[in-house]
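Visitor: Here is what each chain is made of, one letter per residue.
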Amino acid sequence: AQTVTQSQPEMSVQEAETVTLSCTYDTSESDYYLFWYKQPPSRQMILVIRQEAYKQQNATENRFSVNFQKAAKSFSLKISDSQLGDAAMYFCAYITSPAGGTSYGKLTFGQGTILTVHP
Amino acid sequence: DTGVSQDPRHKITKRGQNVTFRCDPISEHNRLYWYRQTLGQGPEFLTYFQNEAQLEKSRLLSDRFSAERPKGSFSTLEIQRTEQGDSAMYLCASSPRDRRNTIYFGEGSWLTVV
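So the protein sequences, as listed, match chains D and A. The opening position of the first sequence corresponds to residue 1 in the working numbering, with each subsequent residue numbered one higher. The opening position of the second sequence corresponds to residue 1 in the working numbering, with each subsequent residue numbered one higher.
No lab work stands behind these hints, which were simulated from the structure alone. The structure displayed is predicted, hence computed values, not measured ones. Treat the hints with care, as some may be off.
A short list of chain D residues far from chain A (calculated; beta carbon distances all over 10 angstroms) [unchecked claim]:
no., residue
1, Val13
2, Ala16
3, Ser30
4, Gln44
5, Arg63
6, Lys70
7, Lys73
8, Gly85
9, Ala87
10, Thr108
11, Gln111
12, Thr116
Which residues of chain A face chain D? A partial, calculated answer using Cβ under 10 angstroms [said to hold, decoys possible]:
no., residue
13, Pro43
14, Glu44
15, Ser58
16, Phe65
17, Gly106
In silico SDA-like pairs for lysine to any residue, Cα to Cα no more than 20 angstroms straight-line [as the list claims (entries may be wrong)]:
no., chain 1, residue 1, chain 2, residue 2
18, D, Lys55, A, Asn101
19, D, Lys70, A, Lys57
20, D, Lys70, D, Pro40
21, A, Lys57, D, Thr3
22, D, Lys55, A, Arg99
23, A, Lys57, D, Gln2
24, D, Lys55, A, Thr102
25, D, Lys78, D, Ser65
26, A, Lys11, D, Gln44
27, A, Lys57, A, Gly72
28, A, Lys11, D, Lys55
29, A, Lys57, D, Gln44
30, A, Lys11, D, Arg43
Every residue, glycine too, gets a C-beta built ideally from N, C-alpha and C.
Using the sequences and the hints, build the whole thing.
Guide: Structure representation (structure tokens):
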């Protein structure tokens, strides 16, 4: 079974600085997708960034970037120039590729990391 | 694109009562998912539909839980004989046919069983 582990229950960062959130996962699949979702206090889960396992290049979305280490099964999120609006719970998640058949669509989430941004 | 809509947003019910949640996915999204999230935890997969077909159910979905998507559009999640352990946020999500790895979540339905 796939598992996703976020070892940092809480992190904090000063506004305008950089913070990195850690995530490791365990899978026997060779093709899959990894995600970081943000869940602010309003509770709606918002997709931050997505990485396809077959792509070696790390995904980047504006101030958000990932460090994807496939061999180490590590997928960290770096937030640059942190803003107050970045404060939220962040979840790392995994999904099998479309070739995964009927299991496709089942996101497996980590436990989450609460990010606090100090002004 | 109006987003995934869930109703009601909050529900307080007495133990033993039945509750039903409704989810309207994004228009033309053929896949619809239900997840459950308890405080301080990540969401856990419950079930998903491709059009009207329920393709997978988690072991978390006991026989008191039933989900339907009769016409391949909106979905309902019913919990019968609620228990205090059912108190959680029930999240609905959907994904489009051509980008199945992009899953959009609704704001969730909070259930409190007293």
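Visitor: Hints first: check each against the structure and report whether it holds.
Guide: Each hint, compared with the structure:
Distance to chain A confirms Val13 (chain D) as a non-interface residue, since its nearest Cβ pair spans about 21 angstroms, more than 10 angstroms. At roughly 29 angstroms from the closest C-beta of chain A, the C-beta of Ala16 (chain D) stays outside 10 angstroms, upholding its exclusion from the interface. The claim that Ser30 (chain D) is not at the interface with chain A holds, since no C-beta of that chain comes within 10 angstroms of its own (minimum 16 angstroms). Not every CB of chain A is more than 10 angstroms from the CB of Gln44 (chain D) (nearest about 5 angstroms), against its label as outside the interface.
At roughly 20 angstroms, the least C-beta separation between Arg63 (chain D) and chain A is larger than 10 angstroms, which holds for a residue marked as non-interface. A cut-off of 10 angstroms between C-beta atoms confirms that Lys70 (chain D) is not in contact with chain A; the least separation is 17 angstroms. Non-interface call for Lys73 (chain D) relative to chain A: holds, since the shortest CB-CB distance, roughly 17 angstroms, exceeds 10 angstroms. For Gly85 (chain D), the non-interface assignment is confirmed: its Cβ lies about 17 angstroms from the closest Cβ of chain A, beyond the 10 angstroms cut-off.
Its beta-carbon lying about 16 angstroms from the closest one in chain A, Ala87 (chain D) satisfies the requirement of being farther than 10 angstroms from that chain. Distance check on Thr108 (chain D): its Cβ comes as close as 7 angstroms (rounded) to a Cβ of chain A, failing to clear the 10 angstroms threshold; non-interface status is violated. For Gln111 (chain D), the condition that its CB be more than 10 angstroms from all CB atoms of chain A is violated, with the nearest at approximately 6 angstroms. Once the 10 angstroms rule is applied to beta carbons, Thr116 (chain D) is consistent with being away from chain A; the minimum gap is 15 angstroms.
Hint status for Pro43 (chain A): holds, given a least beta-carbon distance of 5 angstroms to chain D, under 10 angstroms. Look at Glu44 (chain A): its Cβ gets to within about 7 angstroms of chain D, closer than 10 angstroms, so that hint holds up. Taken as an interface hint, Ser58 (chain A) checks out: its beta carbon lies about 8 angstroms from the nearest beta carbon of chain D, inside 10 angstroms. A cut of 10 angstroms between beta carbons decides the hint on Phe65 (chain A): the least distance to chain D is about 16 angstroms, and the hint is violated.
For Gly106 (chain A), the interface hint holds, the least distance from its beta-carbon to any beta-carbon of chain D being 7 angstroms, beneath 10 angstroms. This hinted pair checks out: Lys55 (chain D) and Asn101 (chain A) have alpha carbons roughly 15 angstroms apart, not beyond 20 angstroms. With a CA separation close to 29 angstroms, the supplied pair Lys70 (chain D) and Lys57 (chain A) exceeds the 20 angstroms bound. This hinted pair does not check out: Lys70 (chain D) and Pro40 (chain D) have alpha carbons roughly 28 angstroms apart, beyond 20 angstroms.
Restraint check for Lys57 (chain A) and Thr3 (chain D): satisfied, since their Cα atoms lie roughly 18 angstroms apart, inside the 20 angstroms limit. Restraint check for Lys55 (chain D) and Arg99 (chain A): the C-alpha separation of about 17 angstroms stays at or below 20 angstroms, so the hint holds. Simply put, Lys57 (chain A) and Gln2 (chain D) have alpha-carbon atoms about 16 angstroms apart, close enough for the 20 angstroms limit, and the pair holds. For the given pair, Lys55 (chain D) sits about 17 angstroms from Thr102 (chain A) by alpha-carbon distance, which is consistent with the 20 angstroms threshold.
Restraint check for Lys78 (chain D) and Ser65 (chain D): satisfied, since their Cα atoms lie roughly 5 angstroms apart, inside the 20 angstroms limit. At roughly 17 angstroms between alpha-carbon atoms, Lys11 (chain A) and Gln44 (chain D) fall within 20 angstroms of each other, so this suggested pair holds. Distance hint between Lys57 (chain A) and Gly72 (chain A) is fulfilled; the C-alpha atoms sit about 17 angstroms from each other, no more than 20 angstroms. Taking the CA atoms of Lys11 (chain A) and Lys55 (chain D), the gap is about 43 angstroms. The hint is violated against a cut of 20 angstroms.
For the given pair, Lys57 (chain A) sits about 23 angstroms from Gln44 (chain D) by alpha-carbon distance, which is inconsistent with the 20 angstroms threshold. With a CA separation close to 16 angstroms, the supplied pair Lys11 (chain A) and Arg43 (chain D) stays within the 20 angstroms bound.
Taken one by one, the earlier hints fail for this structure at numbers 4, 10, 11, 16, 19, 20, 28 and 29, listed in ascending order.
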